[in-house]
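Generate coordinates for the entire structure from the input sequences, incorporating the hints supplied.
Note that the sequence shown ends on residue 192 in this note's numbering; no numbers are left out.
Hint data in this document are derived by calculation from the structure and do not stem from the laboratory. Computed from a prediction, not measured in an experiment: that's the story for all the values here. From the three backbone atoms N, C-alpha and C, an ideal C-beta is built for every residue, glycine too. Keep in mind that a hint or two might mislead.
List of simulated lysine to aspartate or glutamate pairs, DMTMM-like, C-alpha gap at most 20 angstroms [to be verified]:
id, residue 1, residue 2
1, Lys77, Glu48
2, Lys176, Glu26
3, Lys124, Asp177
4, Lys77, Glu102
5, Lys124, Glu170
6, Lys124, Glu183
7, Lys124, Glu153
8, Lys176, Asp4
9, Lys77, Glu54
10, Lys176, Asp8
Distance ranges between label pairs, derived from CB positions [to be verified]:
id, residue 1, residue 2, range
11, Glu153, Glu48, 37 to 47 angstroms
12, Glu76, Leu180, 35 to 45 angstroms
13, Gly6, Ser171, 18 to 28 angstroms
14, Ile179, Glu73, 42 to 52 angstroms
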Amino acid sequence: MALDLGVDALGFNFFPPSPRYIAPEEVRAIIRRLPPFTVSVGLFVNSEYGTVAEAVRVSGVQVIQLHGDESPEYCEKLSGWPLIKVLRIGEAFSSGLVDGLEQYPVRAFLLDSRDDLLFGGTGKTFDWSISRRIRRVRPLILAGGLRPGNVGEAIRVVDPHAVDVCSGVESSPGRKDPILLREFMNEVRNAV
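Structure representation (structure tokens):
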């Protein structure tokens, strides 16, 4: 369904505590059925290098998304794969931290809302003004509370390279709602 609506990438959550967790073996079966130009992304949170490497090998995901507190040094160990580093934006995020982002050997930064209990899927937005400075460092993917009612405005304000949605198109955690997903994709198309 998502691919029929024009989704370019599918994310697979390899964080076991998450209600959206999926085993690498299950992901492999899904990826085998995907069209050749659909990007598959594996989401990890503070995982050991060996855990990430094994999940990537078993599942066949093409891109690694690091959603925890991973350092530039940790990212360097994984730099043989395309990496996306998530920056969790909250009240404590200082615009001064942007200066150190060039150290990360990643293809893009994904901006998401910070929640001390959750790593993504919070349904909360954040102050998009920080996005402009980060866009100068690396390509930017915008997430964090995006849904059909605000994704158009988010695209017009931030002008990201891509948007990422999770809870904003779910009827319950891990259950994508086809109507919400269709509305979301219509808003994305209308905004670009």
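Between the alpha carbons of Lys124 and Glu170, is the straight-line distance 20 angstroms or under?
holds, 14 angstroms
Is the hinted pair Lys77 and Glu48 satisfied, with a Cα-Cα distance of at most 20 angstroms?
Answer holds: Lys77 to Glu48 is near 11 angstroms, not above 20 angstroms.
Has the given pair, Lys77 with Glu102, been kept, meaning a C-alpha gap of at most 20 angstroms?
Holds. Lys77 to Glu102 sits at ~16 angstroms (cutoff 20 angstroms).
Would you mind confirming whether the straight-line C-alpha gap from Lys124 to Glu153 stays at or under 20 angstroms?
holds, 15 angstroms
Do the alpha carbons of Lys124 and Asp177 lie within 20 angstroms of each other, as the hint requires?
Distance ~18 angstroms between Lys124 and Asp177 Cα, so the pair holds.
Mind checking the alpha carbons of Lys124 and Glu183 for me, to see if they're no more than 20 angstroms apart?
With Cα atoms ~19 angstroms apart, Lys124 and Glu183 stay inside 20 angstroms; holds.
Between Lys77 and Glu54, is the straight-line Cα distance small enough, at 20 angstroms or below?
Distance ~14 angstroms between Lys77 and Glu54 Cα, so the pair holds.
Range hint compliance [Cβ, Glu76 to Leu180, 35 to 45 angstroms]
Since the Cβ atoms of Glu76 and Leu180 sit about 38 angstroms apart, the hinted range of 35 to 45 angstroms holds.
Range agreement (Cβ of Glu73 with Cβ of Ile179, hint 42 to 52 angstroms):
holds, 44 angstroms
Proposed proximity, Glu26 with Lys176 (alpha carbon, max 20 angstroms):
It holds: about 17 angstroms lies between the C-alpha atoms, which stays within 20 angstroms.
Are Gly6 and Ser171 spaced within 18 to 28 angstroms by their CB atoms?
holds, 21 angstroms
Between Lys176 and Asp4, is the straight-line Cα distance small enough, at 20 angstroms or below?
Cα-Cα ~14 angstroms, so holds.
Hint violations for this structure: none, all hints satisfied.
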